[in-house]
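Number of protein chains: 2
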Amino acid sequence: MKKHKVIFQPSGRRGEVEEGKTLLEAAQSLGVDIEALCGNKKVCGKCKVRIEEGYFEKDNIDSGMSHLSPLTEDEKKHIKPEDGPGMRLACSAGVYGDLKVFVPERSRAGKQVVRKAAKELIIALDPAVKKYNVVLQPPSLHDMTTGDYERVLKFLEDDYGLKELKFDYLVLKDLQTVLRKGEWRVTVTVWMDREIIKVEPGFEEACYGLAVDVGTTTCVGYLTDLSTGKVVNTESMMNPQVPYGEDVMSRITYAMTNPDGLDTMQKAIITGLNEIIERVVSEIKKDGPHPGHAIDDLTIVFNTAMHHILLGFDPVYIGRSPFIPAVQNSLNIKARDIGLKINPSAYIHVLPIEAGFVGADNVGVLIAEEPYNQNEMMLVIDIGTNGELLLGNWNKVCSTSCATGPAFEGAQIKFGMRAAPGAIEVVQIDPDTKEPRYKVIGKTDWHSHLEKINAKGICGSGIIEVVAEMFKAGIIDKSGKFVMDLQTPRVRKGSDGKPEYVLAWAEETSIGTDITVTQGDVRALQLAKGALYAGAKLMMKRLGITEIDRVVLAGAFGSHISREASLTLGMFPDCHIDKVYAVGNAAGDGARMALLNRGKRIEASERARWVEFIEIATDPAFEKEFMQAMHIPHMKDRFPNLKELLAKSGSRVEIKG
Amino acid sequence: MKKHKVIFQPSGRRGEVEEGKTLLEAAQSLGVDIEALCGNKKVCGKCKVRIEEGYFEKDNIDSGMSHLSPLTEDEKKHIKPEDGPGMRLACSAGVYGDLKVFVPERSRAGKQVVRKAAKELIIALDPAVKKYNVVLQPPSLHDMTTGDYERVLKFLEDDYGLKELKFDYLVLKDLQTVLRKGEWRVTVTVWMDREIIKVEPGFEEACYGLAVDVGTTTCVGYLTDLSTGKVVNTESMMNPQVPYGEDVMSRITYAMTNPDGLDTMQKAIITGLNEIIERVVSEIKKDGPHPGHAIDDLTIVFNTAMHHILLGFDPVYIGRSPFIPAVQNSLNIKARDIGLKINPSAYIHVLPIEAGFVGADNVGVLIAEEPYNQNEMMLVIDIGTNGELLLGNWNKVCSTSCATGPAFEGAQIKFGMRAAPGAIEVVQIDPDTKEPRYKVIGKTDWHSHLEKINAKGICGSGIIEVVAEMFKAGIIDKSGKFVMDLQTPRVRKGSDGKPEYVLAWAEETSIGTDITVTQGDVRALQLAKGALYAGAKLMMKRLGITEIDRVVLAGAFGSHISREASLTLGMFPDCHIDKVYAVGNAAGDGARMALLNRGKRIEASERARWVEFIEIATDPAFEKEFMQAMHIPHMKDRFPNLKELLAKSGSRVEIKG
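Quick mapping for you: the protein sequence lines, in order, are chains A and B. Taking the numbering used here, the leading residue of the first sequence gets 1, the next gets one more, and so forth. Taking the numbering used here, the leading residue of the second sequence gets 658, the next gets one more, and so forth.
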């Protein structure tokens, strides 16, 4: 395989790259972060890079050979004259010679702020996997009819009361060697008091589990010390299935229309999770041939489509009536059967699903938030690429799902970006002057107090906040339309002739161009919030209630959202602002709880059956509700005393617990 | 890959063979049987073939290029001038051009008479694996919250009382498709009332299991219809580990001295068993990508070394003091974990072992012969490459193992061969004239009544018979030495200067040379029988008994052995000839019983622990017993009324049961 030297600037990272690889692949292999929001789908145009030199050596100067593959149609669409010369899309340009490449600030991904960061959970420690120290007498000719296997079992029964344990076959294969290496002192890892899934020489204390949340767009893994319950490390990544479809339905379609579609997507997510595993264990184990084998348990939550695709079940039947899932029960699957590179003898615990559209992720939310242990009527909104809703109390809980699209995650937004340094996340707009002030991630002060702001884009919670502020400042009306002829240069027509609001001028940014909120951005947000609102309203009707006592916002950015903005926009039915809580990644919390306490696994199975699934997409009333819910209500109409409330509670919600 | 045309005569089979393959591989791939007693170890010299033509086309005649690899040192050792021109060892000569090859009769393996043929067993049918018909209502929008998995489980519980079943992950992956292909009528295969290991569309009746007996030298598989208990097909082959060592200890040594030794031997036996699986299912299933998947259960017996190597446990610890096995309990291992190509979701049931030297094969004999259900003091001799002994009754049963070597199987005997057509198996020698008469396998008459005899060699039971007859006729004395100066041309000095007895003249054979019994053959047999006899004697001493009520001969050729000859030679301590039974492959019977009745699996586990293992090899008395036991006693001294007894019972033993 021919290789070429590639240098990335300004980081200076360099290395040899196989011919034909894209610049994005080259960057990833060399540890250079380039924004690829669309997941290599060649549609977002956010991975622009500038080719500085196409050669290193004098000899090559006059050869006239291009060191890159020809410009593609995708690139022609995205690269504008104003981008300047030498610009290419990193996802599309292939390496065919030595190169020096400059990654503009705008295209740099930066280290993503993990919005799915783990909060502390208060739960009794009773993990499915436990370690036991075993000390044996070296065998002699007096007990030569007792095998190694039987000696270990006898000790575990005599000293720990563990009866009728099985050995996993792979553990058994190594047992003799490990016993002798440990000089008859070993540590035995037991799963569910039933099966020995590891034997290590000597006495080992540390025992690790991984709680995994596979979202349609983002995957995250929480490495947990099962002896303390603490999260030791968190790693996340974009779901590698994104290139095969941005949402659930398009991935199901991909599986239906491509002969190897299911297999391809399954391999992609397994490979992705193995990368998370490899990265997450770097915190605890840096050497050895299989560092991932330090993980002895894994719990996983996901929506039903991600569940089916990851487990290799054909998702076609959940994509069409009567929407029957392959399985709803929780599953325990050997890690090696599914190709996850943790301890191959360990089990993956898959949380149960509720129905075709309400998955194990929602069960995770359910056992984390426990609406069934409340008197108050509680609405739990899990905001991801899909919105999933739980409504109820101890008496009854209903669930449903509604398609919000990825706008809340910053996708489909012109200057949308992941929650990374430079992303605008807090915004206020002066109703008189229409001048904004904003904060970017990584800096605590308002932008007006900063010398160098280096804004780069707007993250999901920033989008919600800026649109709410635009409405309150009269820049858009309740239908979401721009009000023109406002005496401000910030409201103008964009290059596409449609109105836009300039949130940050080019000189305040690190990307050299104005950061704007467009009419299209506002529409995308209205569609998303309308779907949520309509879903909640219909559930209330079904339950025959008119009031909600408490709203819990869960999801990737649920912990960063402004309560005021979400109420202003009408993301959910009215609720007293004091009773709106953000809980962060509750689905992930559920996975973590199931990892730490096996009683939670039983609770999950029982409650998943107990919750009543309500189908709202086919409800004739849905469209009407949805059309109404697209409008933006003004919260002042509903909360006359909002200012006092905010003064008392602060406008930003903190993570509870 | 370059290929060449090869024709084998006289069968006329022909085909294309990859360059570099040996003639033996070529023959095997074209279905031509060539004797390869040493298992391709290049030591037996029995695979001689004559190259008839090294070319097919005129153009090649004058090229002078050889169509074969050069003569090897092994070949030079084995090929004698009297073999005539063009002779090569098929195991050593590589194909490098078109060839016509003649396989002399002597080198033809013929279809082996499976000495491990299955006898009928009388046992209640209660297999571990059972099939159930399931009929579901097609799902509708009214029950969309119930998954396919849960529907199947509910039916099995409601209609068959099967509770808390698990699905194997691989079965679950295909469940949705199979249910729809079968239009909601499927057949579910359940293992041990615990786990679903197969779902097939429509209603399937047939359910198959395979009982496997892996001997040091021979492997055999009995394909069994689990709904009738009948053996449908039997396939056997030489253990493909033979090239790595002819006996147990040399294979353990191979594993110790070669870094990949264990892995190599494990792969060899797994590959061999997969070949047996492929051949054995040809009787029931000829098409489809995985015909072996028709097998849903597999039981296996073997000695402890074969057990460890096949399961990938390091055999080194059972080869040295204190001889501790990795595991003694029975094991259930997923077929896919071990690479056996039956239903990958099925389990392999490994019968328990007794001790380092008494393996699962002996447990098979134990549960087949049930000495623990007898009042009589019973000696069970399982004769294979090792001899394993059980002695006892309801009160107590002891076991031991003694190294007999492979002489009983026809190996290490000059004209020894497997039990195939042409093998001499019955012999009588006139004490006055020293003239023999004999029968060959495949023909019912004595040789003297046949026009064309075509004797080819002597099989294991034939060797025992001829040596016993030689003793009775005064050709050898009680120490095993040849008596010379007998007025017969049949006793002569061989080409090595040592005495030999001509059993068949060249013209009676199909191999064109006299078939003789040499001094070395007699010695090999004496060593083997001496080990057995001494072992049994020492066990009797330990048990404090002086008489045995009943002798059961088990093993590959146990069903063909002459009771008179075995008593004449003194293969085991005295017992009334009416009380000597041959039971055939009792180890295989045990495997078959465990396949047909799961109660037998529990019995095996309990009895394997209950039997007392006695170590005799290290007993100081062993050597003395062994030296004495090498001598040949004359049975007339012990059974004065033998002739009447024989007249009453017939001299050949029939398979009981």
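Be careful, since some hints might not be right.
[Claimed, not checked] Computed far set for chain B versus chain A, every beta-carbon distance over 10 Å:
1. K660
2. I736
3. P761
4. R763
5. I779
6. D805
7. Q833
8. S939
9. D971
10. K1194
[What the hints assert, rightly or not] When the alpha-carbon atoms are kept at most 25 Å apart in a straight line, the in silico DMTMM-like pairs for lysine to aspartate or glutamate are as follows:
11. A:K334 / B:D920
12. B:K991 / A:D337
13. B:K838 / A:E52
14. A:K3 / A:E52
15. A:K173 / A:E157
16. A:K154 / B:D783
17. A:K166 / B:D755
18. B:K830 / A:D174
19. B:K823 / A:E195
20. A:K166 / B:E673
21. B:K823 / A:E164
22. B:K998 / A:D174
23. A:K131 / A:D287
24. A:K130 / A:D98
These are computed hints drawn from the structure, not numbers from a lab. For clarity, every value in this text was computed on a predicted model and none was experimentally measured. From the three backbone atoms N, C-alpha and C, an ideal C-beta is built for every residue, glycine too.
Okay, the hints, checked on the actual structure:
1. K660: holds, 31 Å
2. I736: holds, 44 Å
3. P761: holds, 46 Å
4. R763: holds, 44 Å
5. I779: At about 32 Å from chain A, B:I779 clears the 10 Å cut-off, so the statement holds.
6. D805: violated, 5 Å
7. Q833: violated, 5 Å
8. S939: holds, 29 Å
9. D971: violated, 6 Å
10. K1194: Check passes; 22 Å lies beyond 10 Å.
11. A:K334 / B:D920: Between A:K334 and B:D920 the Cα gap is close to 23 Å, so the pair holds against 25 Å.
12. B:K991 / A:D337: Holds: B:K991 and A:D337 sit about 11 Å apart, inside 25 Å.
13. B:K838 / A:E52: violated, 59 Å
14. A:K3 / A:E52: holds, 19 Å
15. A:K173 / A:E157: holds, 21 Å
16. A:K154 / B:D783: Judged against 25 Å, a Cα distance of about 31 Å means the pair is violated.
17. A:K166 / B:D755: violated, 56 Å
18. B:K830 / A:D174: Distance of about 30 Å is beyond 25 Å: violated.
19. B:K823 / A:E195: holds, 16 Å
20. A:K166 / B:E673: Violated: A:K166 and B:E673 sit about 50 Å apart, past 25 Å.
21. B:K823 / A:E164: Roughly 19 Å between the alpha carbons, so the hint for B:K823 and A:E164 holds.
22. B:K998 / A:D174: holds, 23 Å
23. A:K131 / A:D287: holds, 22 Å
24. A:K130 / A:D98: Roughly 53 Å between the alpha carbons, so the hint for A:K130 and A:D98 is violated.
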